Amino acid sequence: MSVVLRKYAPMALLGFLGFLMVASYFSTIEILGYFSRELQNWSSIISAIALGFAAFILLRQHVPRSLKGNIYSIALVGSMGLLPILYLITGSTVSFQYNWVYQTWVGRLDPSMYSLVAFSIISGLYRAFRVRNIDSLLLLVTAIILLIGQVPVGGVLKPVVNWFLDVLNTGGYRGVQLGIGIGLFAYALRLLIGIERTWLSELKGE
Amino acid sequence: MKLPLEISPETQKGFEFLESLPKGSVILMCYDYSTSGMAEIHPSADAMVQYGMRRGFKFIMISTWDAGPQLIEWSLQDVNAYQKMKYGEDFVNIGYIPGASAGVAAFAKDIHAFIKVDYYGNNLKDLPMMKTITSAKDINLIFHITTGGGFTDWLYFVQGVYGTPMYSAAVASMATQAIPYFKSGQIVGVNNGLRGSAEFEMLTGTYGFGQGGMSSQSFAHVWAVIVIIIGNVLFYMSKRRRPGND
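The listed protein sequences correspond, in order, to chains P and X. This note's numbering numbers the first residue of the first sequence as 3 and each following residue consecutively. This note's numbering numbers the first residue of the second sequence as 1034 and each following residue consecutively.
Excised from the complex, chain P in its bound form (with noise of 0.2 Å):
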């Protein structure tokens, strides 16, 4: 395939649909908010797509090796077609059976794997609050209050919590905002005006 269109056209195909997009939010011409809102229409069936292509990928992983027996496949093959088969059998998501498999067991399951993060947690703050220099003491002061001062036993400070969060947490926060969104700027000018290709394949010679 020639360099014309393993290239250049791609990035003059970005650069036209973005600068489009960019025009059609500053302006009120009907035909400019008719093609972005096309546009916008199509990236969303193009997710779509892509949310059906992963799933194919993944069952093409796991079911050759549940097939030689790893019961992990086994699982993960199992759990995806339950409630697929469920929905052809029943020919609705909103069927007692499919309800009942989702919130007994999905729905508990779920959960109860996010809630072992809390003991992971906990053998975390084990270690990383060990007050060495007068930083981990700030932090290990803040942390305390925080974890205090937002539950009922702790309303005594939640005065103090509310002063964290509106005036250290916002702070700090608007500054990192602040700059990702100039950061963001500055590399969406670059991907439309076609200065940065690394989304582009290597081309031989390049």
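Take every hint as true, because none was put in to throw you off.
Here are the simulated DSSO-like pairs of lysine-lysine, each with C-alpha atoms no more than 27 Å apart in a straight line: (1) K1046(X) - K160(P); (2) K1149(X) - K1119(X); (3) K160(P) - K1216(X); (4) K1046(X) - K1216(X); (5) K1170(X) - K1158(X); (6) K1056(X) - K1119(X).
Computed list of chain P residues with no C-beta within reach of chain X, every gap over 12 Å: (7) Y10; (8) R67; (9) E198; (10) R199.
One-sided excerpt, in silico: chain P residues whose CB lies under 8 Å from chain X: (11) L53; (12) T95; (13) Y104; (14) Y116; (15) L142; (16) P154.
No lab work stands behind these hints: they were computed from the structure. As the structure is a prediction and not an experimental result, all values here were calculated from the model. Each residue gets a CB set at the ideal place from its N, CA and C atoms; glycine is no exception.
Given the coordinates of chain P, assemble chain X onto it according to the supplied hints.
Just chain X now, with coordinates in the frame of chain P:
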């Protein structure tokens, strides 16, 4: 065990905004979370729907997470929505919309161009409620329930573009990102994790897992502090036994 709970300013201000909404206001309920985070924020969703039913609000249920539609169904069953409200007139379940930020932007711009059918396969234009709701401009509040995903999508592409008021019910780790936007006035209220859900339940006059879970959370946090203190005591005792070996 009910423990005394002081209402946070972000929850109080959010509830005051809800109280100012007239009957018939359209609330977009965004269920952008999965079952792993539902212990903290699902009570907020249930409390909002129960409160809205009493106030005569209309609901559009939606999700940008693939696990969302089942949680929408779960929430509707929790509050007996199908018995207390009329589908199509009082609430509509659109289900999952793909595309993340692009999907949110397309939805907000023109709902009927983006979504043709609801979650149950009904033609959206045939539902009485949806005849007058065509874009984000016709929505009075976005009630966004999230474990992290989708927050900036709705904030940047809907609240920022159309000015639609937004209320965030987020897990505690995510709420720290929502509070700066509350301070700047871009969000009308924040339910901060399980405590925020409990406060919201108190304000809306419902009793659910939010308030019920506060005693467990209190115990867990106190235990975490005890573990930290024990860790430091043991650390210093071991340092004193082995001086110079830091």
